[in-house]
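**Student:** One-letter residues, chain by chain:
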Amino acid sequence: MRHELLKEAFEKKKTLKRKLKVYREKTAEKRAADVPEGLYEQCPSCKTNFIAEDIVKNLLVCPKCEHHIRVRAHDRMAMTLDEGSFIEKGLGYITLNPLFQDGYEQKLEKSKKTTGSDEAYMYGYGEIKGFPVVIGVLDSYFMMGSMGSVVGEKVVKSIEYALVKRLPLVMFIASGGARMQEGIYSLMQMAKTSAAVEKLAGQGLLFLSVLTHPTTGGVSASFASLGDVILAEQGALIGFAGPRVIKQTIKQSLPEGFQTAEFLKEKGMVDKVVHRHELKGTLEKLLRMHSGGRKR
Amino acid sequence: MNILDKEKKLEALEAELERLDDEEAIQDIKIRIEDYKRKAMRDLSAWDRVLLARHKERPTAREVIDNVFNDFLELHGDRLYADDASIVGGIGEIEHQVVTVIGEQKGKTTEENIATNFGMPHPEGYRKALRLMRQANKFNRPIVTLIDTPGAFPGVGAESRGQSNAIAENLKSMSRFGVPIIPIVIGEGGSGGALAIGVGNQVYMLENSIYSILSPEGYASILWKDSSLAEEAAEAMKLTSYDLKELGIIDGIIAEPVGGAHRDKRSVYKAIKSMLVQSLAYLSQQSPFELRTSRYSKYRNMGFFQRFNYEHLKGVTT
Chain H
87 MRHELLKEAF EKKKTLKRKL KVYREKTAEK RAADVPEGLY EQCPSCKTNF
137 IAEDIVKNLL VCPKCEHHIR VRAHDRMAMT LDEGSFIEKG LGYITLNPLF
187 QDGYEQKLEK SKKTTGSDEA YMYGYGEIKG FPVVIGVLDS YFMMGSMGSV
237 VGEKVVKSIE YALVKRLPLV MFIASGGARM QEGIYSLMQM AKTSAAVEKL
287 AGQGLLFLSV LTHPTTGGVS ASFASLGDVI LAEQGALIGF AGPRVIKQTI
337 KQSLPEGFQT AEFLKEKGMV DKVVHRHELK GTLEKLLRMH SGGRKR
Chain F
14 MNILDKEKKL EALEAELERL DDEEAIQDIK IRIEDYKRKA MRDLSAWDRV
64 LLARHKERPT AREVIDNVFN DFLELHGDRL YADDASIVGG IGEIEHQVVT
114 VIGEQKGKTT EENIATNFGM PHPEGYRKAL RLMRQANKFN RPIVTLIDTP
164 GAFPGVGAES RGQSNAIAEN LKSMSRFGVP IIPIVIGEGG SGGALAIGVG
214 NQVYMLENSI YSILSPEGYA SILWKDSSLA EEAAEAMKLT SYDLKELGII
264 DGIIAEPVGG AHRDKRSVYK AIKSMLVQSL AYLSQQSPFE LRTSRYSKYR
314 NMGFFQRFNY EHLKGVTT
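Line order of the protein sequences matches chains H and F.
Note that my numbering has the first sequence beginning at 87, numbered continuously upward.
Note that my numbering has the second sequence beginning at 14, numbered continuously upward.
What the hints contain is simulated information worked out from the structure, not anything from laboratory work.
The beta carbon of each residue, even a glycine, is placed where N, CA and C say it ideally should be.
There may be inaccurate statements among the hints.
With a cut-off of at most 20 Å between alpha-carbon atoms, the simulated SDA-like pairs for lysine to any residue come out as follows [unchecked claim]: (1) K243/H - R313/F; (2) K258/F - F186/H; (3) K243/H - T306/F; (4) K353/H - G168/F; (5) K333/H - S307/F; (6) K353/H - R174/F; (7) K285/H - G170/F; (8) K243/H - S307/F; (9) K243/H - Q187/H; (10) K238/F - K175/H; (11) K175/H - R313/F; (12) K238/F - I173/H; (13) K351/H - G168/F; (14) K333/H - V169/F; (15) K151/F - T123/F; (16) K337/H - S240/F; (17) K351/H - E182/F; (18) K358/H - R174/F; (19) K333/H - S310/F; (20) K353/H - E106/F; (21) K333/H - S240/F; (22) K333/H - F131/F; (23) K198/H - R156/H; (24) K98/H - R320/F; (25) K69/F - D277/F; (26) K243/H - S310/F; (27) K351/H - G170/F; (28) K337/H - S234/F; (29) K193/H - N183/H; (30) K98/H - K238/F; (31) K285/H - M315/F.
Covered by chain F, per the in silico footprint, the following chain H stretches (three or more residues, Cβ under 8 Å) [what the hints assert, rightly or not]: (32) 150-156; (33) 163-172; (34) 218-226.
Make a model of the complete structure from these sequences and hints.
**Tutor:** See the structure below:
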């Protein structure tokens, strides 16, 4: 079984060479810049139409209702890091279909096409207002940011990269949880990533976890909840089980504002709820306070 | 015909055996029973094993604890909020070795099930488990955990008190302890709720238990939008002990009698005990450092993927 999969993967290598080139080019340029002028975009919350460029300039926050639109990994890098400082690491992972689930490959292909990424997690070296960090971003547009074998491995790799370089780690979480199609392998990624965070803590390195909409399931129940400081983006849905599952289980309606970032702050589960406009500033402040004012 | 129907048929045969007094007829029916067991009750499908894992007569964690460990002393509470009855924990003895035992407890009657919340722990349950594991680590006691839960409880209270945080802290801390940790899945191993006490040096499963990322019903309704396809989902999910052994997730399978653990509980307890003694003897030889690092690398290497070999990428650097 393994033999055949590896063979298949070997054939994929050829296409990957070409893909990598395109991929790197995409990473380099800011996606924010190539929104055509005059294109309208609708806020998913208040349904008002805005010129796309305005929303992009507003860091994908609806100017009317302050709704934080979900951000793609590339955009998140662009809006968080200093221009041109990002160097992507951990390329070349190939997601396989270990349990031979029907339709998994097609779903992956579709997500690859819409996001231009190979997997739901992207990490690398970057600088936030001059402070060097290892940054990792989960992309909720790629199969709901779900954690399969490759995402788990890349998360651990980013932690190990931070360990080797002795840099703070900043992670943006947006995930529906474990990837169902990879079954038990996905579940084991929870243990794997949490253990890696423990290693990081043992070395006295800073781990900032930023929870964005949505953070649920296996990801929230592993490395996402283990940051030294946990920030949450305004209005984000954060929790272990999704609201639909809870409703089904307890057969009652849920309280107003349940499982939002504000609710979690009230319950003492996150350190701070931050507006997207203030996120970079807050991160910079935290990094400065943990670095003894040292910039590179 | 699933295993429960087969079981009914077998029970009918056994009831007949009780009724008869003619020597020849007894012999005849005994042969028929054995025949039936051999022909129909082996080679179970994945769905059969799901049904057996959820069987209402299946030994619960408390039964296993009472019959495998001597002098079990239950310890209560997480020191933060409450005592969760769906997690039972304490100290016990096995072959003159003191161990900490933690198990997820399901009930048999309705009242028991309400008290134990159908085996679905709240955050305070996981925090109690963590407290006991820390204690075990302090006094250098091996930890044995018994997994039997449909999953961590999804509810308003659980979310408010930080279900994900509790599970994450357990996963993180369990990678650090310098004592042997031996999780055994005795029934349902449901998702993060099972893994939260299931990170160990050697992980075992009872033959007819299951371990999966979510229930087959949930899987079918999420991926196929039809929860009635649970039977097919069980087959596709690779959740039986044999599948997981093949995938390298667990280290061993503890054999069950034909027809499931509830049909001969004593043999199951005996099998669990002998396996535990063996495993403890092996792991006790390792130093805390070895236990920690071997556990870490065990989970570090879990996953199934392919990484592109950069040798083939001449001219493109990363």
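**Student:** All hints are to be evaluated individually against the structure, with a verdict given for each.
**Tutor:** Going through the hints against the structure:
1. K243/H - R313/F: holds, 10 Å
2. K258/F - F186/H: holds, 17 Å
3. K243/H - T306/F: Distance ~17 Å between K243/H and T306/F Cα, so the pair holds.
4. K353/H - G168/F: Holds, because 15 Å separates the two Cα atoms, which is no more than 20 Å.
5. K333/H - S307/F: The hint is violated at about 41 Å.
6. K353/H - R174/F: Satisfied, since the Cα-Cα distance of roughly 7 Å is no more than 20 Å.
7. K285/H - G170/F: With a Cα-Cα distance of about 31 Å, the restraint between K285/H and G170/F is violated, given a limit of 20 Å.
8. K243/H - S307/F: holds, 18 Å
9. K243/H - Q187/H: violated, 26 Å
10. K238/F - K175/H: violated, 37 Å
11. K175/H - R313/F: With a Cα-Cα distance of about 19 Å, the restraint between K175/H and R313/F holds, given a limit of 20 Å.
12. K238/F - I173/H: violated, 40 Å
13. K351/H - G168/F: holds, 18 Å
14. K333/H - V169/F: Given pair K333/H, V169/F holds - Cα atoms ~9 Å apart, limit 20 Å.
15. K151/F - T123/F: Violated, at about 38 Å.
16. K337/H - S240/F: Roughly 18 Å separates the two Cα atoms, so the pair holds.
17. K351/H - E182/F: Between K351/H and E182/F the Cα gap is close to 18 Å, so the pair holds against 20 Å.
18. K358/H - R174/F: At roughly 17 Å apart (the allowed maximum being 20 Å), R174/F and K358/H satisfy the hint.
19. K333/H - S310/F: violated, 39 Å
20. K353/H - E106/F: violated, 40 Å
21. K333/H - S240/F: holds, 17 Å
22. K333/H - F131/F: It holds: about 17 Å lies between the C-alpha atoms, which stays within 20 Å.
23. K198/H - R156/H: holds, 17 Å
24. K98/H - R320/F: The given pair, whose Cα atoms are some 11 Å apart, holds under the 20 Å limit.
25. K69/F - D277/F: holds, 14 Å
26. K243/H - S310/F: Roughly 14 Å between the alpha carbons, so the hint for K243/H and S310/F holds.
27. K351/H - G170/F: holds, 15 Å
28. K337/H - S234/F: Holds, because 18 Å separates the two Cα atoms, which is no more than 20 Å.
29. K193/H - N183/H: holds, 11 Å
30. K98/H - K238/F: With a Cα-Cα distance of about 31 Å, the restraint between K98/H and K238/F is violated, given a limit of 20 Å.
31. K285/H - M315/F: At roughly 17 Å apart (the allowed maximum being 20 Å), M315/F and K285/H satisfy the hint.
32. 150-156: The restraint on the segment 150-156 of chain H is violated, since only 0 of its residues have a Cβ under 8 Å from chain F and three are required.
33. 163-172: violated (count 0)
34. 218-226: It is violated: at least three residues are needed, and the segment 218-226 of chain H offers just 0 whose Cβ sits closer than 8 Å to chain F.
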